[in-house]
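Mind assembling these two chains? They're in different frames, but the hints should get you there.
Protein sequence lines, in the order shown, are assigned to chains A and B. All letters in the first sequence, in the order written, are residues 1 to 295 by my numbering. All letters in the second sequence, in the order written, are residues 1 to 276 by my numbering.
A couple of the hints might just be wrong.
FRET-style restraints, in silico, Cβ to Cβ [to be verified]:
id: 1; chain 1: B; residue 1: ASN79; chain 2: A; residue 2: ASP227; range: 55 to 61 Å
id: 2; chain 1: B; residue 1: ALA2; chain 2: A; residue 2: ASP200; range: 34 to 40 Å
id: 3; chain 1: A; residue 1: ASP227; chain 2: B; residue 2: ALA16; range: 50 to 56 Å
id: 4; chain 1: A; residue 1: LYS165; chain 2: B; residue 2: ALA2; range: 35 to 41 Å
I should point out that these hints are in silico values taken from the structure, not numbers from a laboratory. Idealized CB from N, CA, C, for every residue including glycine.
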Amino acid sequence: MSRTKPYSRTIPHPLFERLIVEDAMKEEKEPWKPERPHEYGYFPGCVDFMDVEVKFTHLNKGDADHASIAAASIKLLNYADIDPLILDMNIFKCSGHDQLWQGQLEVFDTLKEHNMRRLKESGIKIITCSCAECYRTFAVDYDLPGTLGIKVEHITQTLQGRGLKFKAPEDVTVAYHDPCRLGRMMGEYEAPRDLIQLVDGAKMVELENNKERALCCGVSSMMYCNDATKAVRRKRLDQGTDAGIDIMLGGCPKCYMHMQCMLNEERMNPEEGHHHDYEMMDLMQFLVACLEEKS
Amino acid sequence: MAEIDKNFMSTYQKVATHDGDSEPIQIWAKDSDSYGGVGTDKLGIWGSVVAIDFDICVADGACVDACPVDVFDWIDTPNHPASDTKAIGVREPDCIVCRACEEVCPVDAILITDPGDIGSGAQAESAEKEEATDEMPAEAKTETPVAVASDSTSLFFHKPNKWLNRAKEVLDKEELPSTGIEKAKDMFKDLRKQTLDALPRGKDYIALVDNEKCIGCTQCVYFCNFASIDMISWDLQARTSQFESKKALILDDTCTGCTLCAFACPVEAITMEAKI
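Next comes chain B alone, as it looks inside the complex (with noise of 0.2 Å):
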């Protein structure tokens, strides 16, 4: 078991629930019997959008460092194998499904999933979330129809790879030499945490742009996951007559303060501020 299942919502069974602070917390496992209850070593996957596998977690304490909402709280697990606390998402609602935490996770033990592609499972906050999602341009809004309409294999919409998946399977069944290309994975990792060290976040700051620094990338706006920064065109002098310079602009009311865009600006033009 080297990392969360990915497809623990279909592949696992709900076996009992914990209080959160505001919503209880549902626990899955892959039958009733592989959950022993707190104090066991049997504790499967706690969390639905902020799901935890307990079995694999080592209490690193990365994510509750990482969280810029303040999700993460400690439990006593006694007599569990790989350590004797977790870390519980218990203010799960006021994930900002950034996925800091799964990113700095040393052993992948986390799993961000979005509300709105959690089907039949979607708890009360999925309908705060979608009204959240009327105020968003309409590029953002868009996705969530078609993420509902997509097979269960894909979180965002129907993807016809069929021949891609092909070739997959057949590499599946191969045991193959290693090309070191994995340090990826961990290189960006130790980058992302740089940064996290780095800035100040959180809901009491907002990201702003330096508009003589910005050079129009749109790097940021990728990264964003609340559709919060535009491209504004400030009637700058413009380089030709044909290319139109446009600076990032942070929308204040969705902003979270999660410090992503800070992380892509290649230019170091996004700063983090503290709320007045």
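Only chain A is shown next, with the shape it has when bound in the complex (with noise of 0.2 Å):
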């Protein structure tokens, strides 16, 4: 195994960014322009990456569908009379994000320039990004809206207020873990919650550390998993289980693979006794769980 590539020698990079960085060391120059404009331009982001990844390390045990959240939100968005065009990853590289906050700075050099480059061919006036890591990273590291004038919005901020319905298949209670990179770093704390109230027959409830005081899901950037983080992380389910909730939802594919990671593990070691009877699902899968037929 040859590895020429610039990998930093002091975090451990699960496989799925090391895929990353050789997909950002291909050099692709040739112009694209899309079929018809668009307004709206929609970021599914590594979801795939991360699902190879744990279905080869047998860490989510076989049910890791990281997929099915770019699919959700495409969904959703469409519902909404969204027409959004989609930034295919053939085309578009990872956001970065991991890269830079890992140190990575030529990598994330790298994607930057090229997703600049594809951004402004596409011509899309309003970037949507179902990942929490992906928003924060155009709307600040970017900078968008400053150097090209696309405004960068997190879905459920993108279907906030479009008077769409949602109606639960039976009563449940649910509880909204805000991600780090949408809460406390940009500050929305509310449009989740507001999507979360439109869903009829849904109860929700919020954690014993909510919103800026919000525990962490322990990994973030994919840094380091250790005995500390699980414990933050445990720590985070426990106040699920003293909520009494259903199902944990997070506005972050990495929340959504962590804290997944975690309750498998638990259900693997049953003798070790840390159990919490709930589910942990991203928004964007519960919401199409609740969809209503149009009339």
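This is the structure we're talking about:
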């Protein structure tokens, strides 16, 4: 195995990060033009990269399905009568959030340069992402509003206030887990909560630590997963049990990934006695499960 | 038919067997009409632990190259539209469930199932494997009884993902535009192929950890299928008083030389060495 690429030597990169770096180094210079102009663009992010990683490491024990977050987002955008340009990952590349926060600045700059060029070619006015990390990266680190005049939205903000209606198939108690990138960094606490309120039959409760005091999922930007980060995650999951919820909802695929991983690990080792009897889901997946047929 | 049916053991029927090196190979088909025998264009799925859908197999040979324990051989299947020869798991009991073949197969024709997860159809080799699990650390041992109790949809243990399945049901009905995220799987396969080409592997080799390079990240532990890797504290100088530095240690008796840990290691601390 030859690794001539500049991987950092101090942070353990999961394989999917290695793939993103590999992808970043491929040069693609051909110009691209969407078939027709769109106002909205939807950026799916690296959800499938996470899927292959957790499937191969047995971490999610076969039920990894981050790709459904992207599918659910497109479905919901269509439901809200938005026809987004799908920012295809064959044309675009990862936003580079993890690489930036891990200190791989060269890789991040390459990714940024590529995506900026593609976004310019795409001609969209608003970019929306289902990932809180992509949202922050586009809004702050790419500064798209300042450089290209593209407005950056998290998908909850895009769907907010569009008169959508949802109905839960059965009564359910849910809590919203604030992702750090969406909450503390971008100050968006209300849009996801507003969306949950729209679901008929879903009762929303607050976890003990919420909004700006929300606990972390523990492994932001895939830096490191050890006993300390697991302790933070377990504390967060315990708060869910205390609040008596059926589903914990997240706004970031990474939160979904890490919480799901912990829940599966607990189910694998029942003798350790840590058990949380609820599901972790992304908000988009939950809303799709509560879709009502349009009359 | 794009890839092998993941639930073939419940939806397919046992229609015939074929001689393997030590044990017969089970042949599965949707019904007895879907199996025509060697020489026709209806071949079904061959094997249980190492299940290969012969109607999809294109005889690419990637699995034969990838297998660290030489499970595969070739069989002639004249008159089949996909290819005139197929890879067959003649030494199925040797399978170490490293899933290397599953990953490299270009047409996704292979499905590996842990012998412990095969319910009533468990063959003689599952008894052998259970003996082996007795020597494994507690973490691996507890998996088997839970798996047997689980429902048929999950190979490992019961997951109450009721709501997630609801979401998937809705999405399965939809025709959604491609997002291009699917390319990840192919990239992953390529990377795995590169590793397999670059490293010696198999029963005569064992993985070795270079303590100087190991950063104690536990990636290899997650990748190992056999619980062959332990994290050991070597009384090394810790960076802080709260942080205990641990290093990976490969357990000689269960390591099968499948190279997965070397593949996963972010700092190239694991090398494959010939056993003495």
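We went through each hint and held it up to the structure:
A hinted range of 55 to 61 Å for the beta carbons of ASN79(B) and ASP227(A) is consistent with their spacing of about 59 Å. Between ALA2(B) and ASP200(A) the beta carbons are some 38 Å apart, a value that agrees with the proposed interval 34 to 40 Å. The given range of 50 to 56 Å is respected by ASP227(A) and ALA16(B), whose C-beta atoms sit roughly 52 Å from each other. LYS165(A) and ALA2(B) have their C-beta atoms about 36 Å apart, which keeps the hinted 35 to 41 Å range intact.
Checked against the numbered hints given earlier, this structure breaks none of them.
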